[in-house]
Structures are given as structure tokens and as C-alpha cells.
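Each chain is listed here by its residues.
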Amino acid sequence: MAQVEYRHATRIYPGTSAPAVSALELEIQDGEFMVLVGPSGSGKSTALRMLAGLEAVDEGQIFIGDRDVTDVQPKDRDIAMVFQNYALYPHMTVAENIGFHLKIKKRPKAEIKQRVLEAAKLLDLEPYLDRKPARLSGGQRQRVAMGRAIVRQPQVFLMDEPLSNLDAKLRVATRTQIASLQRRLGVTTVYVTHDQVEAMTMGDRVAVLKDGILQQCDTPRALFDHPVNVFVAGFMGSPAMNLIELPVTEAGVSLSAAQIPLSPAQRAGVTGDKVTLGVRPEGWDIVSPAEGLVATVEVVEELGSDSYAYVTPKMEGFDDGRTIVVRAESGAHPPQKGEQIGLRPKTASVHLFDTTSGLRLSE
Amino acid sequence: MSVLASSGIVTASTFSDSASKLGNVIEVVAVFFAVILIIFFAAGRATGRLQRPLAILVFLGPAIVLLLIGLVIPAIRTFYLSLHGADLVGAKYVGLKNYTWAFTNPTEQQVLLNTLLWLIVAPVVSTALGLLIAVGVDRMKRQNLVKSLIFMPMAISFVGAGIIWKYVYDKAPDGLLTAIVTALGWKHPPLWILSHPLNNFLLMVIMIWIQTGFAMVVLSAAIKAVPDDIIEAARVDGAHGSRLFFSVQIPMIRSTLIVVLTTVMIATLKIFDIIKAVTGGNFGTNVLANDMWNQTFVQFNVGRGSALAVIIFVAVAPLLAYNIVQLRKERATR
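Respectively, the protein sequence lines represent chains U and R. Numbering follows this note's numbering, in which position 345 of the first sequence is assigned residue number 345; successive positions increment by one, without gaps. Numbering follows this note's numbering, in which position 36 of the second sequence is assigned residue number 36; successive positions increment by one, without gaps.
Calculated directly from the structure, the hints in this document are not laboratory data. We treat Cβ as the ideally placed atom computed from N, Cα and C, and that holds for glycine. Some hints here could point you the wrong way.
[To be verified] Label pairs and their in silico Cβ distance ranges: (1) R:V325 <-> U:K113: 31 to 39 Å; (2) R:P227 <-> U:E111: 23 to 31 Å; (3) R:M140 <-> U:T201: 40 to 48 Å; (4) R:A317 <-> U:E126: 43 to 51 Å; (5) R:L60 <-> U:G138: 37 to 45 Å; (6) R:M140 <-> U:E111: 38 to 46 Å; (7) U:E291 <-> R:P227: 38 to 46 Å; (8) R:M140 <-> U:G138: 31 to 39 Å; (9) U:G138 <-> R:K329: 20 to 28 Å; (10) U:L185 <-> R:P227: 24 to 32 Å.
[To be verified] Below 30 Å or equal to it, Euclidean Cα-Cα: the simulated DSSO-like pairs (lysine-lysine) are: (11) U:K121 <-> U:K105; (12) U:K132 <-> R:K187; (13) R:K171 <-> U:K75; (14) U:K75 <-> U:K103; (15) U:K132 <-> U:K113; (16) U:K121 <-> U:K75; (17) U:K103 <-> U:K113; (18) R:K224 <-> U:K132; (19) U:K75 <-> R:K187; (20) R:K329 <-> U:K103; (21) U:K105 <-> R:K171; (22) R:K166 <-> R:K141; (23) R:K171 <-> U:K103; (24) U:K109 <-> U:K132.
[Claimed, not checked] Some but not every residue of chain R turned toward chain U, in silico, with C-beta under 7 Å: (25) D87; (26) A91; (27) G95; (28) V137; (29) I230; (30) E232; (31) R235; (32) D237; (33) A239; (34) P251.
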């Protein structure tokens, strides 16, 4: 077990000018579950593959423990990786797949058998040890891929979207399994996903990447409560945060009847004449049309425990069909389609960003 | 006018002869297609209960007829002839005498031994060489150029290849091989074609030269079809170099390897043109297929020739069956 450190790590694919991963600075603690999340093309997988040694590091360094592994072969890094498509060896049985690394390391046969069996027990794979991967279900294959990593007792687990090929229900179940397994084994884990729900639920900390640049790295709670910029604010959370551009006045920003004052520190951060107001769906109070921003309900999504209303507010910038998402809490009378409602942001749930730079205006 | 005509009689007659033959062929093909077209048209108009059986008959019928004429009947007739004496018509029934001859006569035993050697050496060497080159060029930049060059002999007929290599193996001063080894300091190289049993292997080199390209192209495609992430997983697992090659890559292209090996084996069993062109089967280089030709069309012993044909057929059949089974398996896993 060890900590992992990216120091200014950069990867530029041959033939491209923009780096896939740009000067990544990231420290992952011993035993931590770190999730790299971002949209496709954000460089999260490349960052993981750099750590695995499958991708060259063009600038900077990568450390595992105290060891500089920047130019070390994958086999000598003491890492185990779970691939998106599992990458099982089709000609080997489940047992041989799991034990392949140990066989290469020329461990005694008895030890290999013992360790493979232990890993199989941990993952409920015992009945399938003699099967070939072609005869396994998707979930079982996924577990074999996990077993292949676990059996090695590596310093770091690397997981590249290991759940994306499972159906929705199995994904949720496996998500919990992986997270609890990682807590139990206590092995430092770097986990790549494009799914922000996975990131929020699994990670001790989450690193959000965009265009190869690290945007923010923090606990899921902190990311949710204090996104450092508009991108992180819009990316984390589902449905996404509502982002509304508003002009700055003497008093601050005003959204219909609601006045949101700016602190001196916030005012100093404003570079243009506009700020972006961010309010999550659950950050709205639904009031009568006279008391807040007037909006027409377009669609209501009923989820059982609560419902989401997609509304069109009567204000500039929203005449092109853009909507605001509002959560109506359970028990309350849910808004009806076509109804006119008033919206007022809860004071505690207001996020302010500078529109020009996209950066958070912190108090 | 008449002078011109009389001087051109010979050429004119051969020309008109071949022209009329070509005309005949075109006529036959045209009639065949016309008949098929009429049948198709008629079958297309059929409705009701008869429609499906009629469709099956119309589509399968011509193929079955052609197969019968071209394959099944000749095969049965060959087997029948192999149990009879030398003559094509009116030969006596001789039982298995022709087969006994094939397996006991010393000359024939040499032929069988040669064929066996061919069957093992040529396919194994061309497949191994093809694999080696396929792996070697896999990461190369100009690999298509290299592959085309190596594949090119495949486009040459066996006879053509035999004639080319005949020059290579020729005696001094024409022979390329002799020239090379002389330049390298071997004063009196042997007459390659006459040196038994070396000449057998020299002939196999021609086959290998042709078949390596085929093996390389097919195996190269198979290697490229191995998913990258499996190779990466193996690298992370600690496999590299020969370990990666033998534990992961080779097993994953195993069925393709077998298909290539058996395909070359089948081609080798039937090889005849190379030997015919280079040695004519002399100097202890004869193989089954060439001997079959010799027995039938030089010695005019149809019985013996047919027996050899049946032996080749029996040897090829299991290879072919295995080949097809492997191909199916491969298709099922993809």
C-alpha cells in the first residue's frame, strides 16, 4: 500500500498539439479511494493509463510511494488494473485468469491455488473457477476482472470505468460492492468514471477533470457544496445545477423580487458586468407567482419520493426553450403542467460565479 | 487474292478452329443461362403449396447437378477405376492390387516418404515464418509495403515459381545459388537438383516462398484482431516479450494458426506443378500428385493413377474436415 502522486504530469499524444493531460498535480493518500471524473475527452482515462505505465509521461513525474515510476515498465509498478471491457484472457479459465500474474511470478502451485481460491471466495466466483470467460455473464466477468486485480495484493488498484458495461441495476449493486471491498482491503484505489453519481457515491475524494486540466479535487460533499467554477458546478449533481447569467448592479444581483447582495470580496472577483447565479434544483422555494420569479411549468418528472419540474421563467435569455429544474419536495402539492409558479432561491443554496472567468465568487 | 489465301491456310485453319471452339463455349454458356432464366421465371410465377419446394429445387438444383457432374461422379469413377487394371476402358477387376503396389513398391515408397516430408516441413516452416514476419512487421511504419512484397509470390503460379527457381538452382554459370555460394568461397558446390535428399528440401523452399505470404497476411490480421486491452492487461499482469507472445497472443490466434497450417497442408498434398516444372519427379523428388499424373498420362496406367488419387483424397479429407471445424469455431468466438 502506498500513496500516489502526480507531479506536473503531462501527456501529449503524438500528432496533437493540445495535451490530453496537462500538468496534473494530484496527491492520493495511502488507502484512499480517489475517483477521476469528467466528460469524454477530459483526460481522466489517460491520467489513469499514465499511472499504469500504458501511456508515456511527456513531462513531469509520477510517484508510487517514494518511488519515481515515471519510466518504469507496467509490470514493475506493483499495480493492478481493471479494464472497462474486463480484458479477460478468453483462452484461460477463471482460475487461470485470476492466477496469471502469480504464474508469471513463478509462485508455487499450492500458493497460487490458495490465493486464487481466496479471491474467488471474496467475489462469489468459486463455482465458476473452471469456466472460460465466454460462458460467464457480464457481472461475473466483471468480478473475474476484479479478482485478477485483488489476487495480486498490489500497492494500487486502477479501475477504468469498470461498471460501464453492466446494466443499471447491477451497476448500483456492484458500485457498493467495490466501495466496501476497497474499504476492507484498504488498498489505494484510483477509479475513473464519467458518471458523476458513481463519483459522488464511491470516492473518498473526487478529482474533476476537463480538457486535460484538473478543475477541483475534494470530498464529494465539498465538491457539491463549494464548486470552484461553473464547470464543476454544472457537472456534479443530477439534475444539474441551474446556471443563470445576471447583470451586476449597485445592490448586487437581482432575480425578479429576490435581491442577492455581493460581499466586498465577491465584488472584487467580478471581472465583467455579469455574474452567473447557480441554484440547484433543491435550492428553490416555490412561492406564489407574485412573490418570486414567474415561471410556467413545462414538464413534471415524478420520481415517487420527489418530483422535478422543468419550468420556463419569464426573463431574458430563457426565450429559446431553456428551462430551470426545480425539485418539489414530497408531501407538498407538486406543481402541475401548465401552472404558473413563483421561484425564489434559498439564501443558503446560492452559488455565485464570475461569468467571464467562470470562477466561484467566494465570500 | 488466291495466293494470299493459300499462303494463309495453316494459320487460318487453326484460327478458325479455335474461334469456332470459343463460339461453341459461348453458345453453351448462353443456352445454360437462358434455360436457368426460363426456369427462374417460371418458378417465380408459382404460387400456393408448390411455391416453397419449387424454390428450393430451382435454387439448389443447378448447384447439385453441377456438383454431381464435376465432383461426385468423377470421385466415384476414380475409386472404381482404382480397383481395375491399366486400361481406361474394359480393364479387369484387380481388387486392391493397385493399393498394395502403391505401398510396397520401393519407388512408390520413396514417393510416399517424400510426400510425408513435404506435408510436415513445408506447412510448418511457412506458417512459422509467416507468423514471425507478421509479428515483426506488426508495429512497423511501412508494413503494407513489406507485406505486399512478401505476399507477391502468392500471385505467381506454381509452374512460374518452379521455372524461376530452376534458374536459381541451375548449375554454373547460370545458377544464382551456385554463384552465391561460389562467391562466398565454396569452390565446388554440388549440382543442387541432383543431390538427393537435399533436392527435396530445395523444392520445398519454393513452396514455402509462395505460402509464407499467405500465412503472414492471415496471421497478421489475426494478431491485429486481438484486443489491445487484453495485451495491456497482460503487460500489467507482468507478461512481456516471449511470455506475452506464447501465453497470450499465440493462444488467442490458435484457431487461425491451425486453419493456416491445414490450408497449406492441403495445398502441399496436392502439389505437383513445382515438381513437374523443376525436376519432373526425377532424382528422387517425386511426390504423390505428380506420380498420379505420371502413372495416368505418361505410363497410361489408369488403375494405378486412380489409386494414387484416392490416397491423396483420403489424406486430404480429414485435414479439410478439421479445417472447416476450426473455421466455424473461430467464427463462433468472434
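Outcome of the hint check:
1. R:V325 <-> U:K113: 31 to 39 Å: holds (33 Å)
2. R:P227 <-> U:E111: 23 to 31 Å: holds (30 Å)
3. R:M140 <-> U:T201: 40 to 48 Å: holds (46 Å)
4. R:A317 <-> U:E126: 43 to 51 Å: holds (45 Å)
5. R:L60 <-> U:G138: 37 to 45 Å: holds (41 Å)
6. R:M140 <-> U:E111: 38 to 46 Å: Check passed, 41 Å falls within 38 to 46 Å.
7. U:E291 <-> R:P227: 38 to 46 Å: violated (60 Å)
8. R:M140 <-> U:G138: 31 to 39 Å: holds (37 Å)
9. U:G138 <-> R:K329: 20 to 28 Å: At 23 Å between Cβs, range holds.
10. U:L185 <-> R:P227: 24 to 32 Å: holds (28 Å)
11. U:K121 <-> U:K105: Since the Cα atoms of U:K121 and U:K105 sit roughly 22 Å apart, the hinted pair holds (cutoff 30 Å).
12. U:K132 <-> R:K187: violated (60 Å)
13. R:K171 <-> U:K75: With Cα atoms ~55 Å apart, R:K171 and U:K75 exceed 30 Å; violated.
14. U:K75 <-> U:K103: holds (13 Å)
15. U:K132 <-> U:K113: holds (17 Å)
16. U:K121 <-> U:K75: holds (26 Å)
17. U:K103 <-> U:K113: holds (10 Å)
18. R:K224 <-> U:K132: Cα-Cα ~22 Å, so holds.
19. U:K75 <-> R:K187: Violated, at roughly 53 Å.
20. R:K329 <-> U:K103: holds (28 Å)
21. U:K105 <-> R:K171: At roughly 56 Å apart (the allowed maximum being 30 Å), R:K171 and U:K105 break the hint.
22. R:K166 <-> R:K141: Roughly 35 Å between the alpha carbons, so the hint for R:K166 and R:K141 is violated.
23. R:K171 <-> U:K103: violated (55 Å)
24. U:K109 <-> U:K132: holds (20 Å)
25. D87: violated (56 Å)
26. A91: Constraint on R:A91 not satisfied, violated at 54 Å.
27. G95: This interface hint is violated because 49 Å lies over the 7 Å limit.
28. V137: violated (20 Å)
29. I230: Holds - the Cβ of R:I230 comes within 7 Å of chain U, reaching about 5 Å at its closest.
30. E232: Where the cut-off is 7 Å and the nearest Cβ of chain U is about 5 Å from R:E232, the hint holds.
31. R235: Since chain U brings a Cβ to about 5 Å from R:R235, closer than 7 Å, the hint holds.
32. D237: Holds: closest Cβ of chain U sits about 4 Å from R:D237, inside 7 Å.
33. A239: holds (6 Å)
34. P251: holds (4 Å)
Violated hints, in rising order: 7, 12, 13, 19, 21, 22, 23, 25, 26, 27 and 28; the structure is consistent with all others.
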